[in-house]
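**Q** Listed below are the residues making up each chain.
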Amino acid sequence: NAGVTQTPKFRVLKTGQSMTLLCAQDMNHEYMYWYRQDPGMGLRLIHYSVGEGTTAKGEVPDGYNVSRLKKQNFLLGLESAAPSQTSVYFCASSYSLLSSWNTGELFFGEGSRLTVL
Amino acid sequence: AQSVTQPDIHITVSEGASLELRCNYSYGATPYLFWYVQSPGQGLQLLLKYFSGDTLVQGIKGFEAEFKRSQSSFNLRKPSVHWSDAAEYFCAVGEYGNKLVFGAGTILRVKS
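In the order they appear, the protein sequences are chains D and E. Under this note's numbering, the first residue of the first sequence is numbered 1, with each subsequent residue one higher. Under this note's numbering, the first residue of the second sequence is numbered 1, with each subsequent residue one higher.
Calculated from the structure, these hints are not laboratory results. Since the structure is predicted, the reported quantities are computational estimates derived from the model, not experimental observations. Here a beta-carbon is modelled for each residue, glycine too, at the ideal position from N, C-alpha and C. It is possible that part of the hints are untrue.
Distance windows between CB atoms, simulated [stated by the list, open to error]:
| no. | chain 1 | residue 1 | chain 2 | residue 2 | range |
| --- | --- | --- | --- | --- | --- |
| 1 | D | 80 | E | 54 | 49 to 55 Å |
| 2 | E | 29 | D | 8 | 37 to 43 Å |
| 3 | D | 110 | E | 60 | 16 to 22 Å |
| 4 | E | 54 | D | 113 | 36 to 42 Å |
Coverage of chain E stretches by chain D, computed from C-beta distances (three or more under 8 Å per stretch; other residues unrestricted) [said to hold, decoys possible]:
| no. | region |
| --- | --- |
| 5 | 9–23 |
| 6 | 102–111 |
Could you build all of it, start to finish, from the sequences and the hints given here?
**A** In structure tokens:
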């Protein structure tokens with residue numbers, strides 16, 4: 001019962017390098033999200049997707065791009081990494097947004113720790 | 001604007017003592033309310049949720065939370081803390097048809 005799986009779990013980059021974080025979910029969820037977690041700031045939404053082929057900006061989208069080519073996968077890309085992007089990144093998925101028939105519970109991956117030197 | 005405030009960044013309690021973690025929110029409509037827990041090196045796990053009905057909700061691991069509309073609060077409680085409860089706790093709030101907004105988190109330390 002995998003749930004939400006993130007790869008890689010750890011990565012060190014130099015400023016200006018690029019990389020992609022992969023999120024995979026096996027729960028057939030429509031909605032997927034990328035958050036970053038920084039001390040004292042909680043979780044901030046970077047981008048999200050409401051279905052295959054769709055993406056939307058969240059609270060802190062600058063410097064990141066995403067793609068949702070397959071329903072089960074949600075990729076987060078950094079084209080030119082900066083030290084300010086050092087963070088722990090969490091992927092999450094949900095069956096729906098908040099509604100009267102579904103509370104929109106989020107299921108989280110275990111996180112990917114990224115350090116940009 | 002929607003906001004969630006967890007006033008306490010760190011809380012330390014002795015094992016066996018009671019616990020209350022505070023959460024206040026700013027929303028116009030009836031909110032959907034959640035508490036998540038994050039153990040070290042792990043993702044977030046749902047503890048409990050509220051979206052209608054009885055304002056006192058029970059969750060996993062012996063936790064409960066009470067929705068108080070007049071105070072815009074959804075505080076998390078546990079009668080007797082165990083060392084394994086040491087973790088970071090996040091309150092999250094949302095509105096119908098929308099996404100969740102998370103608080104900054106409260107780190108719980110348990111003294112033996």
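**Q** Against this structure, judge whether each hint is valid.
**A** We went through each hint and held it up to the structure:
1. Taking the beta carbon of each, residue 80 of chain D and residue 54 of chain E are about 51 Å apart, inside 49 to 55 Å as hinted.
2. The hinted range of 37 to 43 Å is satisfied by residue 29 of chain E and residue 8 of chain D, whose Cβ atoms lie roughly 40 Å apart.
3. At about 18 Å, the CB distance of residue 110 of chain D to residue 60 of chain E agrees with the hint of 16 to 22 Å.
4. A hinted range of 36 to 42 Å holds for the C-beta pair residue 54 of chain E and residue 113 of chain D, which are about 39 Å apart.
5. Coverage of a stretch by a chain is defined here by at least three residues with a beta carbon nearer than 8 Å to that chain's beta carbons; for the region 9–23 of chain E and chain D the count is 1, and the condition is violated.
6. A count of 4 residues in the region 102–111 of chain E with a Cβ less than 8 Å from any Cβ of chain D is obtained; the coverage claim is therefore met, three being the minimum.
Violated hints amount to a single one, hint 5; each of the other numbered hints is respected by the structure.
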